[in-house]
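Sequences are here, hints too, so could you generate the full structure?
There are 2 protein chains.
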Amino acid sequence: MLQLKTDHVNLDLGDEIQRMESYTERLRGIYQSGAYNEAECSINLAKDDAILQQVHALVQQKITPSLKYSIVVGIGGSNLGTKAVYDALIGYHDLLDVNRSPRMLFAETADPEMLAQTAKLLSSLTSKEEVLVTLISKSGGTTETLANFEVLMNALKEKLGDAPLDRVVVITDEDSKLWNAAIAKGIACLAIPSLVGGRYSVLSAVGLFPLASVGVDIIRLCQGASQMLDDCFASDNLAAKSAAALAAQAKNGRIINDNFFFHPELESIGKWYRQLMGESIGKEQSLDGQVVHAGITPTVSLGSTDLHSVGQLYLGGPRDKVTTFVSSAQSADVGIPSERVFPELVPMIDGKSAADVMTAILDGVKIAYQKAELPFMEVSLDAIDEQSLGAFLQFKMLEMMYLAKAMNVNCFDQPSVEDYKIETKRILEESK
Amino acid sequence: MLQLKTDHVNLDLGDEIQRMESYTERLRGIYQSGAYNEAECSINLAKDDAILQQVHALVQQKITPSLKYSIVVGIGGSNLGTKAVYDALIGYHDLLDVNRSPRMLFAETADPEMLAQTAKLLSSLTSKEEVLVTLISKSGGTTETLANFEVLMNALKEKLGDAPLDRVVVITDEDSKLWNAAIAKGIACLAIPSLVGGRYSVLSAVGLFPLASVGVDIIRLCQGASQMLDDCFASDNLAAKSAAALAAQAKNGRIINDNFFFHPELESIGKWYRQLMGESIGKEQSLDGQVVHAGITPTVSLGSTDLHSVGQLYLGGPRDKVTTFVSSAQSADVGIPSERVFPELVPMIDGKSAADVMTAILDGVKIAYQKAELPFMEVSLDAIDEQSLGAFLQFKMLEMMYLAKAMNVNCFDQPSVEDYKIETKRILEESK
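The listed protein sequences correspond, in order, to chains A and B.
Just so you know, the first sequence maps onto residues 1 to 432 in my numbering.
Just so you know, the second sequence maps onto residues 1 to 432 in my numbering.
There could be a bad hint or two in this list.
Note: identical chains are not told apart, hence a pair may lie in one copy or across any two.
Calculated lysine-lysine pairs in the DSS-like style (CA-CA distance at most 25 Å, straight line) [said to hold, decoys possible]:
no., residue 1, residue 2
1, 5, 421
2, 68, 366
3, 128, 405
4, 62, 157
5, 68, 120
6, 128, 68
7, 366, 251
8, 157, 352
9, 425, 371
The set of hints was computed from the structure by calculation and includes no laboratory data.
Quick look at the structure:
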């Protein structure tokens with residue numbers, strides 16, 4: 001699980017948190033109902049045993065010991081949560097641990113380089129059981145996703161003689177054209193509750209099925225999330241507190257929220273959060289229809305790497321950021337050897353481990369931020385494991401609902417993305 | 001090479017560009033001198049044949065056909081440029097093309113997970129010729145870099161019996177303690193000209209040696225860069241134009257520069273640029289000593305992935321960004337098959353390729369930005385190859401010098417990073 005410290009937000013949050021009380025009442029009601037008929041219904045995913053059972057049943061049916069590649073074809077809300085958890089637990093090692101399997105591969109944007117390389121990889125398969133393709137599109141009509149799926153299925157067909165539809169799982173809205181087309185072809189389907197938007201869907205089949213396919217313990221992931229909800233609604237509401245800090249600092253001109261992770265394997269969690277915050281509160285109009293151009297821009301930094309990159313900007317530059325430091329009690333560690341090639345250089349690493357160095361840097365940075373009066377929060381995970389990650393994801397999804405409420409915007413729509421989609425569709429159709 | 005379009009910056013840049021004329025005179029003088037005695041001297045790296053010769057000589061000596069891993073131990077300016085070029089040309093495929101060699105590995109932050117996995121990988125080596133370790137630290141005393149180096153050398157020693165010092169290359173300032181210690185042990189060294197800072201060092205041995213070690217054509221990389229300098233100083237000064245646009249938009253409240261790459265393999269170029277912009281203009285004080293907290297926050301977005309993530313924020317949210325779209329004329333492409341699993345879904349992809357889809361999306365986005373009156377520039381690379389990448393890197397380094405001039409800050413120092421380094425050092429020393 002995780003802890004949150006807001007001591008260095010440098011603002012009194014009492015009033016802001018107070019105003020959130022009535023929204024907590026509403027959320028608690030939805031949570032107790034367990035139903036999927038309200039915009040906030042994604043908070044009911046973590047305790048939904050029916051979804052877990054469906055996912056586990058399909059995993060048992062599709063996953064064999066010979067599975068080498070679990071390919072997720074999806075973009076945005078359809079893959080960012082899965083990639084966040086996969087990279088944190090497993091995927092970060094894929095570059096160095098090249099023989100481990102099953103590996104998860106991601107086909108997100110319509111990228112010729114990635115498609116060509118993935119097709120090449122698939123041509124080395126010896127049986128269809130070595131691959132599983134999960135096609136995820138909430139609307140069922142995402143251009144890049146469908147294009148990528150067809151290219152990869154064609155590569156499999158060329159290798160295996162037939163497009164192996166029994167090695168495909170489709171995850172989409174139950175009433176989408178994709179759902180109907182897949183059912184008609186006998187392809188296994190899992191549904192996304194219709195009011196659960198992509199960026200809130202990681203604990204639905206969207207995240208749970210692909211994660212389970214490579215061995216992630218999705219029960220513990222959901223347990224971490226539901227524990228977080230129970231805690232927030234019963235006692236210490238970390239989500240409301242964090243949202244209050246972000247809202248208050250935004251009013252104060254801190255219009256960038258830097259998420260500074262001190263473990264590189266959490267970078268994809270940051271990318272998931274970019275969508276969550278960007279799409280949820282980046283809005284042209286307020287709830288009452290005023291043109292407000294609301295929003296806070298989320299950024300992702302990695303410690304200590306980015307201290308050697310944008311650290312100068314953060315410490316010396318514009319006072320336009322509120323920072324969320326995220327770290328974890330280390331499980332793994334590596335000692336720095338006492339017999340060294342250059343013992344006379346940096347003698348202060350004597351007897352230390354890599355984690356000691358990282359901790360000293362993080363502590364040094366916090367002191368420097370304090371001295372520069374830069375506002376920050378501290379999130380500390382107990383470990384980088386399913387339970388703490390589930391808690392973190394849920395904490396952030398709940399935080400965003402409170403933040404949207406505080407900023408008076410619709411947390412769950414994304415009307416502006418239609419602006420470019422319409423143009424793109426026209427261009428593609430006209431170039432026929 | 002590359003093109004720049006500033007039609008949609010939505011501001012008249014004439015005055016701003018005019019003011020840069022006198023600085024062009026100064027830069028031209030430094031460029032003609034070829035010397036390394038001015039702060040801007042990194043512009044002389046691209047034409048420095050002596051460096052190329054030194055690098056090639058050492059590559060010939062150290063690189064054998066059996067090389068499997070070229071490990072770069074360095075952080076910030078010591079590895080971001082190398083990683084930018086490597087990932088754009090080769091590294092992006094490493095996850096999918098797992099048997100290719102030599103592969104470049106990066107040890108940047110003091111990350112126990114990465115160190116443990118890399119050590120495990122090194123334990124599979126059969127001879128020391130399979131590995132090369134390039135240790136890069138401009139100051140010679142970077143904590144994470146020295147700690148990582150010692151851990152990896154210890155792993156090699158455990159495998160091979162001895163720490164293979166003849167498989168190490170050190171790149172540092174000629175007068176650093178590291179330089180002297182390495183020379184004393186007979187380790188091969190390459191120097192960084194002392195006035196070339198880390199973020200301007202990619203065309204020095206810092207970038208050229210590791211890139212050449214894995215087969216990147218560094219002559220073409222430098223040719224692209226020097227062609228860009230020649231063009232900027234002789235005729236069409238793209239660097240001044242781009243800097244003028246950024247400076248004018250910053251005055252206008254656009255305090256975030258989003259770098260939106262429409263090829264995922266360019267993400268690391270974006271990360272390199274984050275340091276370049278962040279450290280160069282993110283400054284507490286102006287050149288005349290006023291406390292100004294100057295800076296523009298660089299962000300990196302990937303098309304089309306991030307349209308499904310932060311696109312809503314960009315199109316609907318705060319008017320605080322100026323965007324630089326970066327794309328390339330595709331070389332590779334993959335057709336979308338005409339026989340498809342779901343022919344009735346997204347019929348507009350009929351007869352199109354993946355690159356067609358990407359181009360239509362980029363064009364659609366530009367129209368949407370125009371309609372929303374969001375200011376943007378367009379950079380178009382001829383190809384993702386050494387020459388165009390060299391031109392892009394040089395274009396951006398030169399742009400930054402003009403931008404710092406326009407913003408009246410010191411482009412070449414990073415005084416604020418000492419704030420946390422002092423605290424970290426104290427913590428490590430006190431915990432002895």
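Hints, one by one, checked against the model:
In the homo-oligomer, the alpha carbons of residue 5 and residue 421 lie at most 25 Å apart only across protomers (23 Å), although the nearest pairing inside one protomer, at 41 Å, exceeds that limit. Taking the closest pair of Cα atoms, residue 68 and residue 366 never come within 25 Å of each other, the shortest separation being 43 Å inside a single copy and 40 Å across copies. In this homomeric assembly, residue 128 and residue 405 never come within 25 Å of each other (Cα to Cα): the closest approach is 48 Å inside a single copy and 60 Å across copies. Within a single copy, residue 62 and residue 157 get their C-alpha atoms as close as 19 Å, which meets the 25 Å cut-off; across copies the closest is 45 Å, which misses it.
When the C-alpha separation of residue 68 and residue 120 is checked against a cutoff of 25 Å, the pair qualifies both within a copy, at 14 Å, and between copies, at 21 Å. For the identical chains of this complex, residue 128 and residue 68 are intra-copy neighbours only, at 10 Å inside a copy versus 31 Å across copies, given an alpha-carbon limit of 25 Å. For the identical chains of this complex, residue 366 and residue 251 are intra-copy neighbours only, at 23 Å inside a copy versus 31 Å across copies, given an alpha-carbon limit of 25 Å. For a Cα distance limit of 25 Å, the shortest separation of residue 157 from residue 352 across copies, 19 Å, qualifies, whereas the shortest one inside one copy, 54 Å, does not.
In this assembly of identical chains, residue 425 and residue 371 lie within 25 Å of each other by CA distance solely across copies; the values are 16 Å between and 52 Å within a copy.
Checked against the numbered hints given earlier, the structure breaks hints 2 and 3 and satisfies all the rest.
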